[in-house]
Every structure is written in C-alpha cells, then in structure tokens.
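**Student:** Go ahead and model the full structure; you've got the sequences and the hints to work with.
4 protein chains.
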Amino acid sequence: MKVPIILVNYKVYETSYGKRGLEMAKIVEKVALETSTEIIVAVPATMITRVAEMVSIPVYAQHVDGVPEGAHTGAITPELIKDAGARGSLLNHSEKRMRMDEMDDALKRMRKLGLESVVCVDRYELVAPMALLKPTAVLVEPPELIGSGISVSKARPEVITSAVDEIRKVEGVYLVAGAGITSGEDVYVAMKLGSDGVGAASAIMKAKEPQKVLLEFVNGAIRALEERGGR
Amino acid sequence: MKVPIILVNYKVYETSYGKRGLEMAKIVEKVALETSTEIIVAVPATMITRVAEMVSIPVYAQHVDGVPEGAHTGAITPELIKDAGARGSLLNHSEKRMRMDEMDDALKRMRKLGLESVVCVDRYELVAPMALLKPTAVLVEPPELIGSGISVSKARPEVITSAVDEIRKVEGVYLVAGAGITSGEDVYVAMKLGSDGVGAASAIMKAKEPQKVLLEFVNGAIRALEERGGR
Amino acid sequence: MKVPIILVNYKVYETSYGKRGLEMAKIVEKVALETSTEIIVAVPATMITRVAEMVSIPVYAQHVDGVPEGAHTGAITPELIKDAGARGSLLNHSEKRMRMDEMDDALKRMRKLGLESVVCVDRYELVAPMALLKPTAVLVEPPELIGSGISVSKARPEVITSAVDEIRKVEGVYLVAGAGITSGEDVYVAMKLGSDGVGAASAIMKAKEPQKVLLEFVNGAIRALEERGGR
Amino acid sequence: MKVPIILVNYKVYETSYGKRGLEMAKIVEKVALETSTEIIVAVPATMITRVAEMVSIPVYAQHVDGVPEGAHTGAITPELIKDAGARGSLLNHSEKRMRMDEMDDALKRMRKLGLESVVCVDRYELVAPMALLKPTAVLVEPPELIGSGISVSKARPEVITSAVDEIRKVEGVYLVAGAGITSGEDVYVAMKLGSDGVGAASAIMKAKEPQKVLLEFVNGAIRALEERGGR
Numbered sequence: 001m002k003v004p005i006i007l008v009n010y011k012v013y014e015t016s017y018g019k020r021g022l023e024m025a026k027i028v029e030k031v032a033l034e035t036s037t038e039i040i041v042a043v044p045a046t047m048i049t050r051v052a053e054m055v056s057i058p059v060y061a062q063h064v065d066g067v068p069e070g071a072h073t074g075a076i077t078p079e080l081i082k083d084a085g086a087r088g089s090l091l092n093h094s095e096k097r098m099r100m101d102e103m104d105d106a107l108k109r110m111r112k113l114g115l116e117s118v119v120c121v122d123r124y125e126l127v128a129p130m131a132l133l134k135p136t137a138v139l140v141e142p143p144e145l146i147g148s149g150i151s152v153s154k155a156r157p158e159v160i161t162s163a164v165d166e167i168r169k170v171e172g173v174y175l176v177a178g179a180g181i182t183s184g185e186d187v188y189v190a191m192k193l194g195s196d197g198v199g200a201a202s203a204i205m206k207a208k209e210p211q212k213v214l215l216e217f218v219n220g221a222i223r224a225l226e227e228r229g230g231r
Numbered sequence: 001m002k003v004p005i006i007l008v009n010y011k012v013y014e015t016s017y018g019k020r021g022l023e024m025a026k027i028v029e030k031v032a033l034e035t036s037t038e039i040i041v042a043v044p045a046t047m048i049t050r051v052a053e054m055v056s057i058p059v060y061a062q063h064v065d066g067v068p069e070g071a072h073t074g075a076i077t078p079e080l081i082k083d084a085g086a087r088g089s090l091l092n093h094s095e096k097r098m099r100m101d102e103m104d105d106a107l108k109r110m111r112k113l114g115l116e117s118v119v120c121v122d123r124y125e126l127v128a129p130m131a132l133l134k135p136t137a138v139l140v141e142p143p144e145l146i147g148s149g150i151s152v153s154k155a156r157p158e159v160i161t162s163a164v165d166e167i168r169k170v171e172g173v174y175l176v177a178g179a180g181i182t183s184g185e186d187v188y189v190a191m192k193l194g195s196d197g198v199g200a201a202s203a204i205m206k207a208k209e210p211q212k213v214l215l216e217f218v219n220g221a222i223r224a225l226e227e228r229g230g231r
Numbered sequence: 001m002k003v004p005i006i007l008v009n010y011k012v013y014e015t016s017y018g019k020r021g022l023e024m025a026k027i028v029e030k031v032a033l034e035t036s037t038e039i040i041v042a043v044p045a046t047m048i049t050r051v052a053e054m055v056s057i058p059v060y061a062q063h064v065d066g067v068p069e070g071a072h073t074g075a076i077t078p079e080l081i082k083d084a085g086a087r088g089s090l091l092n093h094s095e096k097r098m099r100m101d102e103m104d105d106a107l108k109r110m111r112k113l114g115l116e117s118v119v120c121v122d123r124y125e126l127v128a129p130m131a132l133l134k135p136t137a138v139l140v141e142p143p144e145l146i147g148s149g150i151s152v153s154k155a156r157p158e159v160i161t162s163a164v165d166e167i168r169k170v171e172g173v174y175l176v177a178g179a180g181i182t183s184g185e186d187v188y189v190a191m192k193l194g195s196d197g198v199g200a201a202s203a204i205m206k207a208k209e210p211q212k213v214l215l216e217f218v219n220g221a222i223r224a225l226e227e228r229g230g231r
Numbered sequence: 001m002k003v004p005i006i007l008v009n010y011k012v013y014e015t016s017y018g019k020r021g022l023e024m025a026k027i028v029e030k031v032a033l034e035t036s037t038e039i040i041v042a043v044p045a046t047m048i049t050r051v052a053e054m055v056s057i058p059v060y061a062q063h064v065d066g067v068p069e070g071a072h073t074g075a076i077t078p079e080l081i082k083d084a085g086a087r088g089s090l091l092n093h094s095e096k097r098m099r100m101d102e103m104d105d106a107l108k109r110m111r112k113l114g115l116e117s118v119v120c121v122d123r124y125e126l127v128a129p130m131a132l133l134k135p136t137a138v139l140v141e142p143p144e145l146i147g148s149g150i151s152v153s154k155a156r157p158e159v160i161t162s163a164v165d166e167i168r169k170v171e172g173v174y175l176v177a178g179a180g181i182t183s184g185e186d187v188y189v190a191m192k193l194g195s196d197g198v199g200a201a202s203a204i205m206k207a208k209e210p211q212k213v214l215l216e217f218v219n220g221a222i223r224a225l226e227e228r229g230g231r
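Residue numbers (our numbering), protein chains in the order written: chain D, 1 to 231; chain G, 1 to 231; chain V, 1 to 231; chain Y, 1 to 231.
Keep in mind that the hints were calculated from the coordinates and are not lab data.
The beta-carbon is built from N, C-alpha and C at its ideal position, and this holds for glycine as well.
Be careful, since some hints might not be right.
Calculated pairs, SDA-like style, for lysine to any residue (alpha carbon to alpha carbon, straight line, at most 20 Å) [stated by the list, open to error]:
1. Y:K96 - V:G70
2. Y:K19 - V:E53
3. D:K108 - Y:E125
4. V:K96 - D:R97
5. D:K96 - V:K96
6. D:K112 - G:E14
7. Y:K112 - Y:D165
8. D:K19 - G:G85
9. G:K96 - D:A71
10. Y:K206 - V:P68
11. Y:K208 - V:E53
12. Y:K192 - Y:D165
13. D:K134 - Y:E125
Which stretches of chain V does chain G cover? Using the computed rule of at least three CB atoms under 8 Å from a CB of chain G, they are [unchecked claim]:
14. 98 to 112
15. 128 to 140
Sample of chain Y residues with no beta-carbon within 10 Å of chain V, all distances over it, derived [what the hints assert, rightly or not]:
16. M1
17. E14
18. E34
19. P58
20. D83
21. K96
22. R99
23. D101
24. K112
25. K134
26. T136
27. K154
28. P157
29. K169
30. L225
31. E227
**Tutor:** What follows is the structure, given as structure tokens:
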C-alpha cells in the first residue's frame, strides 16, 4: 500500500459489474497511470478475476469471511479472493459488519497469504481497537455521511483528527478517511488533517465523468502531501 | 432444470477453487456429457466466470443476497451472478441461512432475470412453506447428516417421503434430497422414494476418484427413473 | 385468543418499563375490562413478571429464541417466558427477524407449553408460508408504515385483503393487521377488510391519552364485528 | 466490582429459572455471605427482578443490546436491565456475540447508567482491543473448553498469562478467566496466573451440590489472593 491511498469502493451499482464495471476499471487505471498514483478498486467477488486480468491497478474484494477452508457454503475466504487475483479486501464495511473474532480470524489468514486489508469503522473510538488486530489500514467513515455528498472533511473534521490521534497509538497501520468525499478539496482536507488517504464510492461510481472526479481526487491528495512535506 | 437433478456443491474445499476447481468442473462435465445427464455445479462466487467460460454444464452460485442494486458493499446480488455466467443459485444452505423476507426478495428478482433457484431446508416441515415462494426446487437436508457419509436415504428415508408429500401441495417445484449421499445406491433410494434428484458435496469434492463416484450417482439416478417409468 | 385481537406492542419506549410501563398496563386493563374485550400487551422480557402479576390481561413477550434449554447465554426461551407469566409471544417482528428453522423450533416448543404465538411478516406473500408453521396468528405489517402514523388500512388496504385471502388457505390461524394504526377508523377498516384484529405500538405508547385512543380502537373493532355479523 | 471476581453464568438450564433459579440464587448468596465475598449471578432477563428482589448479591443480565430507547421490539437495553434491578451485564458471550460498534454503543450507555460490564472474548488477542472500550472487566474464555470440564487453567494456562499481559496495557479494567472451571484448584491457578477472578456456568448450575463447589471456588480464590499478597 502506498500513500496517498485512494480506494474506490464499487459497491453494487449498475456501473459495478459487467461491461460497465470493466470500463470503470479502465478509467481508474488511466488516472492511476497518468498521475503515477496507486488507486485501489474494491469490486464484487464475481468481478475480481475479470478486473484483475484486465488492469494493472490493485483489486480488492469488498468482504472476506473469517471461516477456514471446508464446509462453508457461500463463504468468501481469503484463499478464494487471492486465487481470483485480489491484492486485498475491505472488511467490516458498515453495509457488511463482522464480529471481532471473525475479523481476527480473517486478518490472520490474510497476513499469511500476503493480502492487504482495510478494516472499516464508524467512529474514531474503534480505530485503536481495530488497529491492534494489525490490518494494513483502518478506514473511518461516519455512516450518516456515506453517500450523502456531505464530506466527513467538512462536516466532521474532528472525526478525522481524533482518528489520526488514535491510529498513532499503534505502529504500522494506515488511517484512511471516508464518507461523502466528492471533491478534490474534500480529499485535500482529509489528508491535511493527517489521514493517509480516502475512500469513496458513489462520487465515482455514479459520476457522469468519473475520470474527471478521480483526477481531482488525486490532485487534492498530491497537493496535501506536498504541503505536508511528504511524497 | 432437468430430472434427474444432480447438484454438486463445491463449498470451499481445497479442490473448490483455482486450478483444482477448474479440473473438477471438467470431470463433472465429462460425466454429464457421457451420460447425457445435466449435472449442476455450485461454485464459489469468485469462480463463477472461470468455470462458466470453460464448461457447458450449468453453473450455480452458492448464495445470493436479497438486496437490490445500490449501496450494499459485499453483497452478491442476482444481477451479479447472472452477469458472471451463473444459471442459478443455492439459497438458504444450512451453512448460510437467510431470512424469509430476504429470500422472497431474492427469488422475485431471480425469476425476472431467468435464474434458477434451489432453496435448502433442514426439515420436511419447511418444504411447503418454502415452495410457496416459487423457487425452481427445494433441497431437503437434515444438517446432522451433512458431510457424515451416512445418507439421508438410509438413515432417515421418512424425511424424503414426507418432503415428497409436502412438495406435492405446491405445483411446479422440484424436490431434491441431500445430506450424506455417497453412493449410487443412496441416489437410487432417494429417487425411488420420490425425489427429483440429489445434492452432494464432500462425497465428490473430497473423493480420490470423483469421476467414478459421480458416474455411480448418475447410474443410480437413471435406474431409479427407469423403474419409476420416467425418463 | 379472542376476536377482536388487539395487541399493544410496548417496544422499548420510555413508557415501556418501570413505573410508567406498569401504569400503561393498568390503563390497558381498564379499557379491556370496561369493554369486555381482550387486549394483549407485548412487553420487554424484563417486565413480564411485574406486568403479569399486576394485571389480568394477557401478557406477551416481544421475542423468543428457538434454542432448547442448555448453554445458550442471553437466549429468551419459550420456557423462560412461560415461567415469567407470559401467555404468548410475538415472533419475527421486523425489528427482530428470525430464520424460518428457528421459528419452527420455537413454535413447536410454544405449542407444547400451551403458549400463544403471533408471527409478524412484512408482506402478504409470506402469510401462507408462515401460517403453515401453525402459529396462533400471523400479523402482516408493511415496514415502511410502522410508526408512520399512516395506516395500512388507508394507505395499503390491498395488503390486508391479500393477506386475508392467503390466511384462508390454512385452517385455524388468525390474521392481524398492523403498521400505522392510529385511530378507531383504522381499526374498523382493517377488520371490515377481513382481519381478525390489529397490532399497534407508538399510537398507544406515545399517546398523551392512551386510554382514549385504545377505547376508540376497541369501539372501531366492535363496530366492524357487528357489521360483519360476528361477536 | 471487587476482587476476587466470581461470576456464575446461569445460562438457560433447567436450574436457571423459576423456583429452582431462585433457590440457586439463595445458595450463591449464602456462600457469599459466609465468606464475605462478592459473587455475581448472571441470570436470564426474565429472572432479573425476581432474583434481585430476593438476594443481596449483585445480579447481572446475560446480554444487552446496543440500541437506544425507541422502536426496537425484542431488544434488551441497558435502561431495561437497570430498571429490573441488575447491577451490570455480560456482553459478547460466545453464545451471543455482538458487533464492535454495538458493544461500544451499549458500553457508553451502561457507564452513564452506572452499570458494570463484563465483555467476553474467545482469545487473548482480543483482550486489549475490548479493554480499550472501557468495560469493567474482560472475560477470556477459549470456547472449545466451555462446558467441557477441562479448565483453561490446566489446559491452556498461556491464554490466561497472555491475557493478563494484554489487560495491563489498558488501565482500570479487570481480567477474568473462564471455560471449564470446575474446581477450587482451577480457580486458584487462574488467579495465581494473574487473573482477577473466574467465570463459571455448568460446574455450578448442573452440580449436585452447588454450594460445596462454590465454596471451593471461593477458597481457591482467597488462597491465591493471600499468596499474591492481596485482599
């Protein structure tokens, strides 16, 4: 995982699968290549192989189960997504919550398999507890802002700053901010406040010009990094 | 769906994905072609496209969610599995139970999309209630026998006969029997008792010679059908 | 259970427990006695004994689990609620959905214990499937109207008439209508459309004069019954 | 909460409710009074009031939900258990797992209400993450030993010592050990290894002479404390 972390969650929109899902991956890849930035797409389990075979950007699953191999009909295990071509996965998204023990099970196996992991939480108070399970990153997203078009950067900057304070208590885990991120300015602010990147979904997946929005995102991220003296 | 219904549930074994998962599909296809029988494979969501592109036999998902398209991170919707190349899906497996309202939501959308559906239940008392939701088939499986090697045909034949009585109360829904099916004799008995076919998992997926076991299954099914005056 | 069925779901409001919860039970009992009508209160598990000891009206639990006696920390079993003084329970409320197999487990034990049962569903299509499990009654409630103040009687009368058609396919199960029931007229219409009674929650629990609202409910029910030639 | 912490989880055995449940509470109270030790009983929600009214020992619920007051049919909220007479509650028992966000919601409200809380975990790796949510205590219990009669003290002492190391990373949270605790020696060892007490269920609830077993437990605890220079 590289900073700035920009993660596009496909969710399950009309643009998330089939031909349109593949076109979206191409668009994301184009922006990533043009800006020399890593942009992650988290796609439906059924799309992992097709997307991973077509583009060079990292492909994530949207969820993995903690169960081991065996009699677990319908489970999406770490082994399955790795085999399909994923580099990692989201876990515990507010639309797919997991229990803590299941998450620890999944994360242990993901580490063994060399898979990256982004654990979502809905409040800064859960950042440090989740970080103790050693995922690659924690993504903090106030659920009431998800899909709202009102960004966490503007509406609740204190969530990001508190989350940044919390993540510093545990070494080696990135902090990503999300919910309502729709403009380059939102990305800039989120990163100026100390986050290592952003997650977004509808702002890209439902955009008329996703390429343009994404380019703004990357530029906002780069500007913040430069001002922070990074990159 | 054609009688005899023979459904191989891949679950999530070592043989269920990657190269070995594809080889298994080839083996199943070979038996299907040689015996002019339809054999269904229910594969992990990540495998649907790869299996469907390689073999001509019907490919099912192991689970679908009832949620509509939209902000549902991690959901496997009917639209997703159809796009991936599936012809249908299992629902409500004992290892992935669903709520009744979610099942009705999923089944309504599956019918619109032309997808087949096999709803699993753990007791004959649930056969008629589930059949009223109009899936393609109901699969009755006493969970204590799943993976046991002791077949429902031998250990609990009354489950099958009661289930057959129940399914007749609703028109146009197939009845499949499962749990512990390991031999051609098990398949023969299950179908002589009135079921339209069988579901199996470990007996095939963990077999040293899956082709041989599957061939026995088909022969047992054909023998039962002939004696019943069908086919 | 007696027709008209009038069921007051306490839920977990400020008025649902402690002194206020007991006062509410007294008010409901008063209306029941004055009108010689049976009115059921479904109270939190922690309140069952206190309410049942104080009033003569039937007391229900709001939920029971399907698990048997044993190592099931936190479960509310049929045995527990019977011991506490309950005459029955709601099951599968939209705010506490259950799986079909768990419901069948719970209902079988409830029948043995002589407990009444009201299974909630969110659509008429689930009325017959649930009725096949032989609860005392099925309560149909479109979830989008729950707590809305817009009654199913007015906004979606076809849900009630369709549910009445469905319940007739199974013998000996009552049909109750709910969601947004706030006036005597709502009760009257729901019963004229063929239901055996109504369920309500916020209209009573949050009312300034619950006694007055409840009295209207009962009068609406009696008027409908008289016109239907019942009672 | 006082050290040694001895917590008797009633679960839902035949002895857990009604007359026998009350008798058990009397027995526990007797041992508590005779030994001047605090012994907690965690009883079914339906029993809280009856037990709390009859004995002077602390009564816990076995589970609380994180939802606020309102339209939450079937929920057991912190307000409900406090009103019923509970002094605290178990949370996240292996038989009733909760999501992390729900637990944080519940714990925040419990603290405001002055309720104690014992959060269960199945592995030492979750001790620190849970402790960060500031419950009164964390109870570590390897689930494979629960009800086994083989104690964590003997079979997996390293779970206790690792858990003790973990709990020390967070100030002001007790560490309780559980699973298979059946003798005074088990309690002694668990506390010598650094835990603040033990949780037990079947060893007491299914005992022919619960009083005798419990007295042994307390004596084991006192002996460990004396050797540790505490009490």
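**Student:** Against this structure, judge whether each hint is valid.
**Tutor:** Comparing the hints with the structure gives:
Proximity of K96 (chain Y) to G70 (chain V) is assessed by CA-CA distance (about 13 Å); at most 20 Å being required, the pair is judged to hold. Simply put, K19 (chain Y) and E53 (chain V) have alpha-carbon atoms about 16 Å apart, close enough for the 20 Å limit, and the pair holds. A distance of roughly 11 Å separates the Cα atoms of K108 (chain D) and E125 (chain Y); the hinted pair therefore holds under the 20 Å criterion. Using a Cα cut-off of 20 Å, the hinted pair K96 (chain V) and R97 (chain D) holds, with the two alpha carbons roughly 17 Å apart.
At most 20 Å may separate the alpha-carbon atoms for a hinted pair to count; K96 (chain D) and K96 (chain V) meet this at roughly 18 Å. Of the supplied pair hints, the one linking K112 (chain D) and E14 (chain G) holds, its CA atoms being roughly 16 Å apart against a limit of 20 Å. Using a Cα cut-off of 20 Å, the hinted pair K112 (chain Y) and D165 (chain Y) is violated, with the two alpha carbons roughly 29 Å apart. At roughly 13 Å between alpha-carbon atoms, K19 (chain D) and G85 (chain G) fall within 20 Å of each other, so this suggested pair holds.
For the hint pairing K96 (chain G) with A71 (chain D), the CA-to-CA distance comes to about 11 Å; that is within 20 Å, so the pair holds. A C-alpha spacing of about 16 Å is found between K206 (chain Y) and P68 (chain V), which places the hinted pair at or below 20 Å, so the restraint holds. For the hint pairing K208 (chain Y) with E53 (chain V), the CA-to-CA distance comes to about 32 Å; that exceeds 20 Å, so the pair is violated. Proposed proximity of K192 (chain Y) and D165 (chain Y) is supported: the alpha carbons are some 14 Å apart, at most 20 Å.
Only pairs whose Cα atoms come within 20 Å are accepted, and K134 (chain D) paired with E125 (chain Y) is accepted, the gap being roughly 11 Å. Counting residues of the stretch 98 to 112 of chain V whose CB lies closer than 8 Å to any CB of chain G gives 5, so the stated coverage by that chain holds, three being the minimum. Chain G is given as covering the stretch 128 to 140 of chain V, and this holds because 5 residues of the stretch bring a CB closer than 8 Å to a CB of that chain, at least three being needed. The claim that M1 (chain Y) is not at the interface with chain V holds, since no C-beta of that chain comes within 10 Å of its own (minimum 19 Å).
Taking the minimum C-beta to C-beta distance to chain V, about 6 Å, the non-interface status of E14 (chain Y) is violated against the 10 Å cut. No beta-carbon of chain V is positioned within 10 Å of the beta-carbon of E34 (chain Y); the least distance is around 27 Å. Residue-level check passed: P58 (chain Y) sits 16 Å from the nearest beta carbon of chain V, beyond 10 Å. Look at D83 (chain Y): its CB is around 4 Å from the nearest CB on chain V, not clear of 10 Å, so calling it non-interface is violated.
K96 (chain Y), annotated as away from the interface, has a beta carbon of chain V within 10 Å; the closest lies near 4 Å. Distance to chain V confirms R99 (chain Y) as a non-interface residue, since its nearest Cβ pair spans about 14 Å, more than 10 Å. For D101 (chain Y), the shortest C-beta to C-beta distance to chain V comes to about 18 Å, beyond the 10 Å cut-off, and the non-interface label holds. Residue placement check: K112 (chain Y) keeps its beta carbon more than 10 Å from all beta carbons of chain V (closest about 15 Å).
With a closest Cβ-Cβ approach of about 21 Å to chain V, K134 (chain Y) is found to remain outside the 10 Å limit, as its non-interface label requires. Here T136 (chain Y) stays apart from chain V, with its beta-carbon at least about 18 Å from theirs, past the 10 Å limit. The Cβ of K154 (chain Y) lies farther than 10 Å from every Cβ of chain V, with a closest approach of about 20 Å, so its non-interface assignment holds. The Cβ of P157 (chain Y) lies farther than 10 Å from every Cβ of chain V, with a closest approach of about 23 Å, so its non-interface assignment holds.
Chain V leaves K169 (chain Y) outside its interface by the beta-carbon criterion, the shortest separation being 27 Å against a cut-off of 10 Å. At the 10 Å boundary, the C-beta of L225 (chain Y) stays outside the reach of chain V, the nearest C-beta of that chain being 27 Å off. In this structure E227 (chain Y) is separated from chain V by more than 10 Å, as the shortest Cβ-Cβ distance comes to about 32 Å.
Comparing the model with each earlier hint shows violations of hints 7, 11, 17, 20 and 21; every other hint is respected.
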